[in-house]
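Q: Residues per chain, in single letters:
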Amino acid sequence: MVKLELKNITKYYGKRRGVENINLTIEDGEYLAVLGSTGAGKTTTMYLVAGLLSPSEGRILFNGEDVTNVPSEDRNVGFVFEEYNLFPRMSAESNVLFGPIVKGLDLSDSRQVAREMFSLLNITGKEGNFPDEISGGQKQRVALARAIVSNANLLVMDDPLRALDAKIREILQIELRNLVKDLSLTCIHATHDTQEAMRVADKIAVFKDGAIVQLGTPEEVYNNPVSIYVAKFLGETTELKGTIKQEKNKSFLIVDNIKIEIETDLKSGTKAVALIPAELADIYSISEKGKITYDNIIEAEIISSKCVGEFFDVDLIAFKQVIKAKELIGRNVPLTEGSKVLFATDKGDFRVFPFEEDENDEKEI
Amino acid sequence: MVAGEDKPDLEVKFRRSLLATEKWLSKDTVLSAGKAVTVGIFILIVLGPILYLLFQIIISWGDINETVFNDPILGNEAFLSMLRSIGLSFEIAAIVTVFDILVGVPMAWILARYEFKGKNILDTMVDLPMAVPTSALGFSIYLFWGTNNGISRLYNSQVGFASQGILLIILAHVAFTFPYVTRSIKGIIADLDLDLEKAGRTLGASPFTIAKMISLPMVKEGLLAGTVLAFTRSLGETGATLIVSGVYQTAPVVIVSWMKGLKIPTTAFLAFILIIISLLLLAAVRIFARKVGLPWKKVFPRFERKLSSKKVTRTRDTFSIALFFLFVFIPALFVIVFLFQWWGGSPFSGEFEAGMIYQVFLAPDKKINEIMTALVTSLEIALIVTIVNLLIATPMALMISKMKNKKVKGLLDGLIDIPLVIPSSALGFSIFFLWGSNGLHILSPGFAMIVIAHISFTYSYCVRPLIGSFDSISTMYDEAAAAFGASKITAFRTVTLPFLKSGLIAAAIMTFTRSMSETGATIICMGIERTIPVLLVDFFEASTFPAAAFASTILIIISFVMLILLRLVTRRKKDA
Amino acid sequence: MPEIRLQSVTKIFGRKVEAVKDLSFIIEDGEYVSLIGPSGCGKTTTLRLLAGTILPTQGNIYFDNKSVENLSIRDRHIGFVFQHFAIFPHLTVRENAAYGPIVRGRKKSEIASLVDHALEAVQIADKADLYPPSLSAPDWQKTALARVIASEAKILLLDEPLGALDQKIREKFQVFLRDLVKKEGLTAIHVTHDQAEALTISDKVAVMNKGRLIQLGSASDLIFTPNNIFTSFFVGESDFLESVVINDKESFAEVRVGQSTIKVKNMGITRGKRAVVAVRREFFKVHKYEDTDEPDNFLPGVVVRDQFLGLLRRVRVKLENQQIVEVKIHAKHPVHYKENEKVKLVIDPSSTRCFEYPKAGVASALEM
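Chains as they are written, first to last, in numbering that gives the first Met the number 0: chain A, 0 to 364; chain B, 0 to 575; chain C, 0 to 367.
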């Protein structure tokens, strides 16, 4: 049972920055997702927590105790790697029992625990198989069992599902969360996938270029992204550029003389960017006019629409530009190309930021 | 389309006929014939002599029985001395191999894992003894340990630290076998997945425990292969042993001396025994390599943690490097120091006539002429051997690499290792036996026979790296070429060959170096001409040390250049 | 113009590994077909069988009604695009593109025009004289495509062609690839692990599992009218309700799930038989139990978790029979559900699928 604290952690690889000035507290039993793109410092952070790297500066505390200089083998951290890293010449069971053996634990107890883990993770029967004889999903389950069996109470996972098929990933996300919660482990889980982070975690820390840019519950992060970068990272969005107008306690973004009601503290006349996430750009058939209540309802034309499984990906023309929309399948909305529809948004749907030239140049993610 | 374009121009004509030829060559029947020829050549050059020797031993058993076991005067003395020499060879090989492993494994770890200035230099230093002809090496080691010019100067002794004999043989063998163990596992250690070790650490294992339980099992095969190479190289070495052995005779030295005495039946029998032993070793290793587990399974967490401490590891590393320099590197290159000591005269008396300049360039028998002639002969032989071997080894390597039938592949793969493990003097003898007057009677000892002997024992040195090169070329390129309409041979020329360039050069250098440095087989198959390693032995026996030192230094320089070339080629390959 | 037909094709590796089993389907001339399925389902093997790099153990493959059994890979005139491109690093982009016509002994002028056309078609003419190692992944991909087009192949086989590209570039390439294939009039077979890619790019998608073809159909066939349990499960997300048919007379059959009776699509399963009702998670509607103005085709349950995911919300509901099902609803759905709150899971019968109960159980039908 561990409360994990990172205090002013900085790690440089020579001149290259790994992470800088990371401050993070994970309460006992909390599940934190570290979300970021490649090179954001996720793996560095995971390795620092596990002691596979030592920080250039800063301290790491487990339950208030400084472990910064404790080597990895003495930290009692369960680590799950992206590429599983199962020992290739050992059976699944030997892999799982490796920890207890090298720690000199009582093997009969450990065998019992291992058996329970195998059954909990639906891999009973695979004990004798070697890693190259089982599927990716099973490998990661073995790796998970291995990480947990030797009494680890802090579980560190470095993009554990990245190498797996989408279907397995979706199944394992649920299994992972349930397992961590059932065993009341403290858990830190790095991922590049927003949906995965939101699905498994109690809290999300968004990393960019080696620093934490936002920390909060999934809902907080999603509803109030602190920057254009975060807003874009969380999902597909469309950018609207215009000028702010404050009028009778209401805020508007003026785009090409069209008024869009938004929520913002920016002053009138400020140039601003409003991002509308595709899934919040709602589409209704024209006949619904007057029956729906939204802050902004305008007519739009669908220019393309394709079904990609759970959503229709729709491009439509509104506010004189192409807006990307995602509509869950199963609604009765005509989404054929060329048809006129109602495009509806609420003021809270827009993520509004002051317009800055250099933000514009920001590398696409 | 313009009318003129209907007539194909010269380029198109040429290309079409080339493509047609290649297509014909790619026919299954033609390819099968090619494969048969490839295997045929292999059998003729490598397996044939050995099989012939075996055959002759059986049919002329009566003869052998008489000379070996029931000589009218000596009784079974010949057999007893065979047993003695073989026993001695085994003893020496075993001691040498143990040293190689104890020092070579930490050395490989240092070279694979640590980053430090001069790492490349150390790496080259470790490889050097393998490239230098063993007779030069043996001479150098004799000078260092066995004379009052070498280490004994440090404690002002008038005699060497060790006289010719078992200890000196061991010291010499340690030097030239050392690289085999290090080399064969260094690459594997460098390629080990570091993430597995990280996984081990997060599970609570100390570095020593991880090395023992995770890393070493993965280098097991490589280590075993290197050990066998070191062992068989020690078992079969002639050149250096001739120089340092004195009255003690190892089995290969016995072959050479009996051969000189023209005791053909007894020599044949000894060669036969040596070959059988080597083959059994090879077979055992190939069959059991994967199955043999490492002897230790139990973990002692506390003790192993202590072994992992910085102090212990640092001590171990320092020891390995120090032992390497003391027993391998410095003795191996001491001849250069000696050369300068004796440059213009004896360092003891100052006498000009005893010096290198006089002996080599001014004395009436101008050794330089002999040296140059021998050098040219050696270079000619090495060059021919390299070219022929590339021609016959490339198809073999390709065939083995692409072979689908795993059993046949394993068999061929094992067979091509044969020249690697059997003593070159025994192999040389069986070639003499087959091609010379006792067999086909096509050749008499001389240049051509040396060439054939060299082709035979360098064959593996050529095929092995080429198989590696072929294996490393992804099959997707072949498939792509085929999908676009290329026949197999066209695909080979246009796609495979460009990938192979550095592999071919590496194989060529290995073959060339190995041929340049051979002594045992050459002595058996030669006529009046001398190759330079053999000349060195002659110089040594005639006690013209400064001249021998001069020749040795030339050989060391050539090997060094070859080694540097090899490193450049293989490094570029890694970058690509 | 090629039409591809597979007839009962089986491929066994070694003695017993059945990579592909009894595979039969037709790909029409000019069609763009994707193969999807879990790792090891046989999709790559199928592609290699078509290419001729491996031969079927049983069955036959026909191009335009001609068996290709005895055609070697080079005589099939197919274009193969590999996941790792397999472009020749020692040749320039142009030389790569020219490889096919050169080794087929075409005339210089023909080669030039074929290559020029190909380089134009994939928009890489400006980099024609560069060597692949100096280019980036998208350019490698283009080079590989140019090489195929210059070789005049009419059948294009693509093995995870976009797998090595970044997500954003992938999406652009999907459009580019489809347009190219259609413009050049090729028949394309595309293996991918990315469902969205398959559904966007192709005319038809083949779902495979354990070496067998599960369903071949258009994107909307697979999503809205899957004809078996595995497709429902693998394409998108569905939940499966084990039930017994109690009325098979109407266009909507009545089935009993636990203690409740619901109407589902009548797919011909007779009364008294066990059935599996597949419902897409997007098609469930969840309502507070007290709501009375909703249709009464529902299952009662209690909420396990109402999880906000931004993109959408997932409400996990435990039914009376202890099965947990999941409902996907709009992120801004006005009602929030508390844990253990009693709810109705409303089902629109026309959106359901009702399959025969698999002999070995639902779990085995979903095994990948």
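Quick caveat, the hints were computed from the structure, so don't treat them as lab data.
A hint or two may mislead.
[Unchecked claim] Lysine-lysine pairs mimicking DSSO-like chemistry, simulated, CA-CA at most 30 Å apart:
1. A:Lys266 with C:Lys331
2. A:Lys231 with A:Lys244
3. C:Lys287 with A:Lys180
4. C:Lys358 with A:Lys305
5. A:Lys102 with B:Lys219
Q: Now, for every hint given, state plainly whether the structure supports it.
A: Status of each hint after checking the structure:
For the hint linking Lys266 of chain A to Lys331 of chain C, the alpha-carbon distance of about 28 Å falls within 30 Å, and the restraint holds. Taking the CA atoms of Lys231 of chain A and Lys244 of chain A, the gap is near 24 Å; set against the 30 Å cutoff, the hint holds. Taken as a hint, the Lys287 of chain C and Lys180 of chain A pair is honoured in the structure, with Cα atoms around 27 Å apart against an allowance of 30 Å. Taking the CA atoms of Lys358 of chain C and Lys305 of chain A, the gap is near 36 Å; set against the 30 Å cutoff, the hint is violated.
Restraint check: the Cα-Cα separation between Lys102 of chain A and Lys219 of chain B comes to about 25 Å, which is no more than 30 Å; the hinted pair holds.
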